[in-house]
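Residues per chain, in single letters:
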Amino acid sequence: MELISTILNWFGNITFLQIIDFVGTFAFAISGIRLASAKQFDWFGAYVVGAATAIGGGTLRDVMLDVPVFWMHDGFYLSCTGLALVWVILFRRYLVHMHNTFFIFDAIGLALFTIVGIQKTIDCGLPIWVAVVMGTMTGAAGGVIRDVLINEEPLIFRKEIYAMACVVGGIVFGLCDWIGCPAELTFPACGIAVFLTRVLAVKNHICLPTLKAEED
Amino acid sequence: MELISTILNWFGNITFLQIIDFVGTFAFAISGIRLASAKQFDWFGAYVVGAATAIGGGTLRDVMLDVPVFWMHDGFYLSCTGLALVWVILFRRYLVHMHNTFFIFDAIGLALFTIVGIQKTIDCGLPIWVAVVMGTMTGAAGGVIRDVLINEEPLIFRKEIYAMACVVGGIVFGLCDWIGCPAELTFPACGIAVFLTRVLAVKNHICLPTLKAEED
Amino acid sequence: MELISTILNWFGNITFLQIIDFVGTFAFAISGIRLASAKQFDWFGAYVVGAATAIGGGTLRDVMLDVPVFWMHDGFYLSCTGLALVWVILFRRYLVHMHNTFFIFDAIGLALFTIVGIQKTIDCGLPIWVAVVMGTMTGAAGGVIRDVLINEEPLIFRKEIYAMACVVGGIVFGLCDWIGCPAELTFPACGIAVFLTRVLAVKNHICLPTLKAEED
Numbered sequence: 074m075e076l077i078s079t080i081l082n083w084f085g086n087i088t089f090l091q092i093i094d095f096v097g098t099f100a101f102a103i104s105g106i107r108l109a110s111a112k113q114f115d116w117f118g119a120y121v122v123g124a125a126t127a128i129g130g131g132t133l134r135d136v137m138l139d140v141p142v143f144w145m146h147d148g149f150y151l152s153c154t155g156l157a158l159v160w161v162i163l164f165r166r167y168l169v170h171m172h173n174t175f176f177i178f179d180a181i182g183l184a185l186f187t188i189v190g191i192q193k194t195i196d197c198g199l200p201i202w203v204a205v206v207m208g209t210m211t212g213a214a215g216g217v218i219r220d221v222l223i224n225e226e227p228l229i230f231r232k233e234i235y236a237m238a239c240v241v242g243g244i245v246f247g248l249c250d251w252i253g254c255p256a257e258l259t260f261p262a263c264g265i266a267v268f269l270t271r272v273l274a275v276k277n278h279i280c281l282p283t284l285k286a287e288e289d
Numbered sequence: 074m075e076l077i078s079t080i081l082n083w084f085g086n087i088t089f090l091q092i093i094d095f096v097g098t099f100a101f102a103i104s105g106i107r108l109a110s111a112k113q114f115d116w117f118g119a120y121v122v123g124a125a126t127a128i129g130g131g132t133l134r135d136v137m138l139d140v141p142v143f144w145m146h147d148g149f150y151l152s153c154t155g156l157a158l159v160w161v162i163l164f165r166r167y168l169v170h171m172h173n174t175f176f177i178f179d180a181i182g183l184a185l186f187t188i189v190g191i192q193k194t195i196d197c198g199l200p201i202w203v204a205v206v207m208g209t210m211t212g213a214a215g216g217v218i219r220d221v222l223i224n225e226e227p228l229i230f231r232k233e234i235y236a237m238a239c240v241v242g243g244i245v246f247g248l249c250d251w252i253g254c255p256a257e258l259t260f261p262a263c264g265i266a267v268f269l270t271r272v273l274a275v276k277n278h279i280c281l282p283t284l285k286a287e288e289d
Numbered sequence: 074m075e076l077i078s079t080i081l082n083w084f085g086n087i088t089f090l091q092i093i094d095f096v097g098t099f100a101f102a103i104s105g106i107r108l109a110s111a112k113q114f115d116w117f118g119a120y121v122v123g124a125a126t127a128i129g130g131g132t133l134r135d136v137m138l139d140v141p142v143f144w145m146h147d148g149f150y151l152s153c154t155g156l157a158l159v160w161v162i163l164f165r166r167y168l169v170h171m172h173n174t175f176f177i178f179d180a181i182g183l184a185l186f187t188i189v190g191i192q193k194t195i196d197c198g199l200p201i202w203v204a205v206v207m208g209t210m211t212g213a214a215g216g217v218i219r220d221v222l223i224n225e226e227p228l229i230f231r232k233e234i235y236a237m238a239c240v241v242g243g244i245v246f247g248l249c250d251w252i253g254c255p256a257e258l259t260f261p262a263c264g265i266a267v268f269l270t271r272v273l274a275v276k277n278h279i280c281l282p283t284l285k286a287e288e289d
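Chains as they are written, first to last, in my numbering: chain C, 74 to 289; chain A, 74 to 289; chain B, 74 to 289.
Some hints here could point you the wrong way.
Which copy? The list can't say, so a pair holds if one copy fits it or any two copies do.
[To be verified] Calculated lysine-lysine pairs in the BS3-like style (CA-CA distance at most 27 Å, straight line):
(1) Lys193 to Lys112
(2) Lys285 to Lys193
(3) Lys276 to Lys193
(4) Lys232 to Lys276
(5) Lys232 to Lys112
(6) Lys232 to Lys285
To be clear, the hints were calculated from the coordinates, so they are not data collected in a lab.
Here the structure is a predicted model, which means the values were calculated and not measured.
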């Protein structure tokens with residue numbers, strides 16, 4: 074009984090934010106590891122690509138803001154990537170049927186990472202437009218680094234609304250902030266804006282216009 | 074009349090340096106956006122590639138020098154990239170006829186960015202040879218990041234004198250500094266050296282030797 | 074006689090560590106320059122790829138640890154890369170016969186760079202698991218940057234034990250540290266672990282498992 078109460082107690086200390094953080098990091102890492110597996114990378118390569126997808130955007134943000142790099146001060150992120158690798162190795166065959174689950178998880182991660190990036194930039198005393206840029210970078214740059222590492226054209230530059238969802242969320246954040254909303258309202262409003270923009274755009278096949286080549 | 078005098082006044086406050094900065098940033102961004110359009114990137118992807126070309130070199134420099142990243146403290150650079158995107162969307166068909174103009178604009182930007190990179194490095198108390206490296210990086214690394222993002226071999230590693238023009242300008246800067254020239258002489262001398270090296274090399278098809286493959 | 078004694082004296086001041094540092098930097102630069110030459114890059118491109126291979130991992134480490142970038146404070150590293158370029162230009166035809174020598178040199182460099190990366194991270198007050206990550210990055214990230222620049226899938230993600238040798242060395246370092254070994258024992262133990270893991274894995278064709286694609 075003691076053990077069960079200890080475990081329950083431990084779970085009780087996990088905040089809602091930590092669960093979202095786990096879900097997002099896990100989904101981002103899975104997306105990197107799956108693309109690495111399509112390229113026949115070995116376990117190490119898959120782990121690195123997964124980690125780059127999950128923590129690359131935040132690392133770039135922290136280096137550019139000149140603050141301590143977040144994952145060096147919390148083993149959670151690299152452990153989570155390791156768990157994602159084990160998951161892909163064990164449940165590889167079932168992953169294709171979990172497409173929708175991972176799509177939703179990824180959108181949740183995108184929303185959280187955008188909020189974290191925006192708030193961290195504001196905490197550095199930078200203006201809101203820089204915060205929107207850094208929030209978008211936190212959410213979307215990991216996917217770009219992933220595609221550079223697997224030697225493909227970055228997916229988010231050609232297809233689907235992905236980074237633009239972060240920009241929409243960032244604008245919502247800025248508006249909430251401008252009209253004086255408290256963080257308890259601003260954060261969820263921004264997160265929901267990112268999540269809905271992403272999900273609705275994909276469900277309705279909404280894309281940004283493509284730049285046509287000059288000889289057309 | 075009041076309005077006209079206000080506008081003239083406003084223009085009067087724009088320095089020669091700001092005009093050059095605009096011309097260079099605009100030309101760099103255009104080069105990124107055009108290559109992104111050849112890859113059928115969407116507007117967001119094109120904007121990111123344009124921004125990476127225009128501000129990537131300076132960002133890398135500031136991160137490595139551990140000074141605040143320049144574009145976060147002046148909205149000019151990202152606005153200028155936005156303007157370049159609108160320009161390409163609107164005047165796409167005419168761009169091919171403006172090849173020479175953009176070539177000259179790009180060379181002007183290369184010269185200015187090299188000078189800025191060198192001076193900023195010297196201001197950090199680093200030796201002149203580091204300044205030449207950082208000046209070259211400021212001018213040329215944006216183009217490398219651009220080519221990595223569009224998944225092509227970096228153009229400046231294979232063709233034309235581009236980064237070497239920055240190196241030549243850097244050496245001129247170092248010599249001027251060594252013989253005690255004031256900044257009013259050193260800066261233009263460096264800039265003209267970069268500009269002329271770049272333009273003359275392209276006009277006369279001067280290239281660096283290629284490393285031959287080992288099996289030849 | 075005076076001259077000879079001066080030269081001997083000068084050589085006497087070169088420490089064992091400096092020789093290893095030279096051997097490693099030289100071998101890393103050579104590996105970048107050779108791959109650049111296979112892509113018909115010009116001398117400048119080859120130099121940049123060589124430098125990125127030799128100093129890229131350490132640069133990434135220093136930027137992420139927020140300490141001064143090592144090569145800016147010692148002209149040795151960029152000079153050494155220049156020497157490697159001259160070497161490849163002059164002795165290109167013989168390089169293929171020196172395969173084993175460069176393989177050993179490269180493994181020596183890998184070992185040294187791992188130790189330097191681990192110790193520098195510990196000196197920043199970060200935990201040992203971060204130090205192992207940063208040691209691996211110091212040793213192996215240069216090769217990843219090299220492959221990104223020449224537009225190839227990173228070799229170390231698909232073939233051979235390379236970065237995993239750094240991880241093994243890092244674990245040995247951590248264990249030595251944990252049981253209270255002095256640096257005089259910990260450093261060589263870590264270096265030998267990296268070197269032997271790398272050499273034995275290649276000689277015995279030991280690879281990490283590959284992630285199979287999902288449709289299999």
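Measure nothing new, just compare the shortest in-copy and cross-copy C-alpha distances for Lys193 and Lys112 to 27 Å and report within, between, both or neither.
Answer is neither: 35 Å inside a copy and 34 Å across each miss the 27 Å cutoff.
Classify it for me, Lys232 with Lys276: is the Cα-Cα distance of at most 27 Å met within a copy, between copies, both or neither?
within (13 Å within a copy, 39 Å between copies)
Taking 27 Å as the upper bound on the Cα-Cα distance, should Lys276 and Lys193 be classified as within, between, both, or neither?
neither (31 Å within a copy, 48 Å between copies)
How would you label the pair Lys285, Lys193 (within, between, both, or neither) given a Cα cut-off of 27 Å?
neither (37 Å within a copy, 39 Å between copies)
At most 27 Å between CA atoms: does that hold for Lys232 and Lys285 within a copy, between copies, both, or neither?
Both: 14 Å inside a chain and 26 Å across chains, each within 27 Å.
Go through the copies and call it for Lys232 and Lys112: within, between, both or neither, with a Cα cutoff of 27 Å.
both (20 Å within a copy, 12 Å between copies)
Of the numbered hints listed earlier, those contradicted by the structure are 1, 2 and 3.
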